[in-house]
Amino acid sequence: MAIYLDNAATTRMRPEALAAFVAQAQAAGNPSSTHSAGQDARFAVESGRVEVALSLGADPAEVIFTGGGTESINIAIKGLYWAAVARDRTRNVIVAPEGEHHATLESLEWLEQAQGAEVVWVPVDRDARVSPEAVAAILAERAGEVAVVTLMLANNEVGTVQPVAEVAAIAREAGVPVHVDAVSAYGQLPIDFRRLGVSALSVSAHKIGGPVGVGALVVHRSVSISPLVHGGGQERRIHSGTVNTAGIAAFAAAAAAMHAELEAEAGRLRTLRDELIAGISAVVPQAIVTGDRGVDPSAPGRLPGNVHVVLPGCEGDSIVFLLDREGFLASNGSACTAGVAQPSHVLRAMGFSEQDSRSGLRITLGHDTSASDIHRLIDVLPGVYAAALDAGMAAREPQTF
Amino acid sequence: MRVLAAMSGGVDSAVAAARAVEAGHEVVGVHLALSRMPGTVRAGARGCCTIEDSMDAMRAAKSLGIDYYVWDFSERFKLDVVDDFVAEYAAGRTPNPCLRCNERIKFAALLEKALALGFDAVCTGHYAKVVTDSAGNKQLHRAAAWAKDQSYVLGVLTAEQLEHAMFPLGDTPSKDLVRAEAERRGLSVAHKPDSYDICFISDGDTQGWLADHIPAAPGKIIDRSGEVLGHHDGTHNFTVGQRKGMAIGHPAPDGKPRYVLEVRPVSREVVVGPKAALAVSELAGSRFSWCGQPPVFEGGEPMDITVQVRAHGEQVPARLTQVERKLGGPELIVRVNEPLDGVAPGQSAVIYQGTRVLGQATIERTVSADLTSADLTSADLTSADLTSSDTASAAAASVSTVSTAAISADTATAAAAIPAEMATASL
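Sequence order for the protein chains is A and B.
Mapping of the first sequence onto this note's numbering: position 357 corresponds to residue 357, and the numbering continues sequentially without gaps.
Mapping of the second sequence onto this note's numbering: position 112 corresponds to residue 112, and the numbering continues sequentially without gaps.
A few of these clues could be false.
[Said to hold, decoys possible] Covered stretches of chain B, going by a simulated chain A footprint (3 or more residues, C-beta under 8 Å):
| id | segment |
| --- | --- |
| 1 | 67–78 |
| 2 | 115–121 |
[To be verified] Label-pair restraints from in silico Cβ distances:
| id | chain 1 | residue 1 | chain 2 | residue 2 | range |
| --- | --- | --- | --- | --- | --- |
| 3 | A | V229 | B | V266 | 56 to 62 Å |
| 4 | A | S222 | B | G208 | 41 to 47 Å |
| 5 | B | D120 | A | A278 | 34 to 40 Å |
| 6 | B | D120 | A | V380 | 20 to 26 Å |
| 7 | A | G231 | B | A87 | 52 to 58 Å |
| 8 | A | G144 | B | V266 | 54 to 60 Å |
| 9 | B | D233 | A | W110 | 23 to 29 Å |
Everything labelled a hint here was simulated from the structure, so no lab data went into it.
Virtual Cβ for every residue (Gly too), placed ideally from N, Cα, C.
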């Protein structure tokens with residue numbers, strides 16, 4: 001069987017989550033109904049809310065169940081923006097680092113084009129990290145104009161962890177709400193909503209062994225968010241629509257399992273990660289390890305399960321193809337709908353050339369990754385690299401026969 | 001063999017892949033992403049490379065039990081096909097982007113990558129045949145489905161490219177049979193409409209698309225004597241042989257329709273005239289390639305061939321010579337036995353012997369067969385004053401008087417055109 005090393009894209013569902021899903025899907029009952037079946041469903045949802053809140057260091061009442069990470073991010077960014085503009089029409093600036101996920105990028109571009117927002121992009125460094133001082137400078141310069149600051153807890157492509165608590169402290173001083181996209185960090189790093197000091201935080205169940213199609217938006221009890229979708233007023237009026245009881249039960253089961261083993265599992269993944277990075281550097285010295293190497297204890301670090309390298313001269317889709325033939329399922333970064341590898345906007349923001357930005361290889365480890373998987377990958381990498389190098393940069397170097 | 005099946009999402013490439021699987025090859029399906037900003041759904045029968053197409057291709061691949069990938073060639077496609085298409089129109093020429101795509105993308109970029117990644121051949125759903133001759137060399141032939149034959153757009157392939165090309169539909173007598181086979185195999189694309197026109201111009205409006213890519217450059221519409229008949233917004237809106245789209249207020253003296261005879265982008269002139277003036281007796285080009293083994297010209301004698309100048313055009317009998325020139329390398333000269341209409345610089349002349357494709361040349365200049373062309377001014381005709389008697393006298397026997405003036409590419413912009421002093425070919 002192929003070795004799955006694309007856990008940042010999605011994870012295999014945990015057995016306890018699958019069992020919870022099946023059990024709940026067999027039960028009738030809308031949690032909004034008042035009869036006993038409805039109450040049973042409501043009990044499952046509210047128990048799930050407690051589990052998910054525990055895994056995020058939030059109060060259960062602050063957890064809004066949504067249809068997934070992208071939806072949470074959209075609700076948070078647009079909702080916080082609209083709420084700010086409704087209070088003060090001149091607060092139309094949104095501050096965000098470069099290299100954010102497409103859910104954020106596209107939301108911001110839409111707000112700019114259709115809703116009168118102005119986005120101020122904060123440059124990131126070679127590791128894809130944003131500096132709190134740069135955010136502070138923008139908030140000082142645009143004092144009274146900023147509606148919301150949004151940033152990732154960790155980059156989904158290169159795994160660099162952002163100094164979110166520092167940014168949040170600066171924004172709090174300036175009276176600006178902060179949304180944090182914690183989708184890729186969830187299940188990898190301990191997340192404490194209170195300690196981060198942010199207004200809203202987005203996560204998704206399928207990154208931690210839960211099902212696709214359910215996520216959570218944590219909204220601080222003091223923060224108001226304007227809804228995207230209107231209807232029955234479920235989930236604090238922020239996410240109307242019949243509540244996904246089975247999905248939430250499975251999400252909660254995955255969250256509980258993940259939370260219980262997080263510290264040990266993160267340590268195990270870190271060891272594998274460092275072994276893989278060292279192994280790649282040894283067998284393919286041309287590989288450029290991107291992002292925070294995760295060795296400086298004073299820096300916020302790198303996701304325990306993330307390894308990302310640039311293989312100069314290799315087309316990303318050649319690498320993925322060749323690894324697939326060898327039985328390893330990895331990725332170039334984030335995939336688009338048509339499955340086309342595009343130059344990575346994250347690598348571009350980090351200062352890589354457009355050509356190198358097509359040459360990324362992301363290997364993301366998960367709860368089912370073993371040490372022997374890593375060793376076998378290191379064994380095949382030199383051959384894969386040589387063949388991909390031979391295939392060249394098809395998109396860039398016109399050749400003639 | 002390890003075969004890479006290029007799968008567009010259409011019925012032809014799906015059936016071609018199926019046949020390659022059935023023949024026992026180890027097949028992997030690859031969809032070429034050719035657009036940076038793919039549309040989500042096809043608009044009618046036009047266009048390709050949408051996400052809908054890539055999903056159709058994936059469903060076909062999975063139902064054949066083969067692996068499937070999407071490879072991005074959008075940058076190469078833009079450089080080698082789209083930009084080339086724009087530059088050719090801007091230079092007053094008439095390109096064929098499908099031919100260019102086969103030459104530069106499917107059987108170059110894709111094939112090179114496939115070979116580097118361990119494949120032996122690229123398989124497509126083109127209607128054409130690859131035949132191995134007695135010496136073991138590959139030849140390209142017309143498809144059994146004559147009406148669907150696509151050998152014209154494959155005429156640019158070289159011997160080495162042909163060596164790694166696989167066209168499993170070549171022996172099938174009709175597309176209906178391919179659709180029936182797709183249905184029998186349970187392929188969901190069995191009844192998908194054919195795609196027409198140019199894939200990157202999704203609404204089929206080539207002139208409108210060109211207007212977005214080439215700045216307007218107003219100029220004059222003139223007749224062959226130089227008299228101004230009207231005005232236009234840009235020479236890129238005109239192709240030799242075109243009849244519509246000319247805003248000329250008054251009819252021709254003889255009351256007959258006027259046709260575009262020549263496009264001169266530098267002086268921004270479009271020359272129009274009667275249909276008879278479209279006829280050419282000879283066409284020539286120095287950018288040519290042999291599709292397999294080069295032919296042997298016995299004692300320099302012209303060779304009997306047929307020539308086709310458009311993807312869906314007729315083939316006409318002609319004589320072929322290869323001319324060595326002092327400068328600029330050899331040139332192919334095709335003299336048609338009967339005058340040929342609507343031949344524009346930039347088009348490919350694909351050369352056949354029977355069903356076999358010998359090779360092709362990009363047409364750089366043509367010689368008019370028009371008997372009434374005496375009033376032609378030669379002011380602009382710097383390139384192709386084919387006055388060399390040896391060439392002119394050898395022109396088609398059915399044309400008693402061969403015009404000394406050629407309808408030519410505008411040499412100042414057409415990179416491959418020949419300076420005047422080189423026009424006297426040394427045979």
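Hints, verified against the model:
no.: 1; hint: 67–78; verdict: holds (count 9)
no.: 2; hint: 115–121; verdict: holds (count 3)
no.: 3; hint: A:V229 x B:V266: 56 to 62 Å; verdict: holds, 59 Å
no.: 4; hint: A:S222 x B:G208: 41 to 47 Å; verdict: violated, 55 Å
no.: 5; hint: B:D120 x A:A278: 34 to 40 Å; verdict: holds, 37 Å
no.: 6; hint: B:D120 x A:V380: 20 to 26 Å; verdict: holds, 22 Å
no.: 7; hint: A:G231 x B:A87: 52 to 58 Å; verdict: holds, 54 Å
no.: 8; hint: A:G144 x B:V266: 54 to 60 Å; verdict: holds, 59 Å
no.: 9; hint: B:D233 x A:W110: 23 to 29 Å; verdict: violated, 36 Å
The structure is inconsistent with the numbered hints 4 and 9, although it conforms to all the rest.
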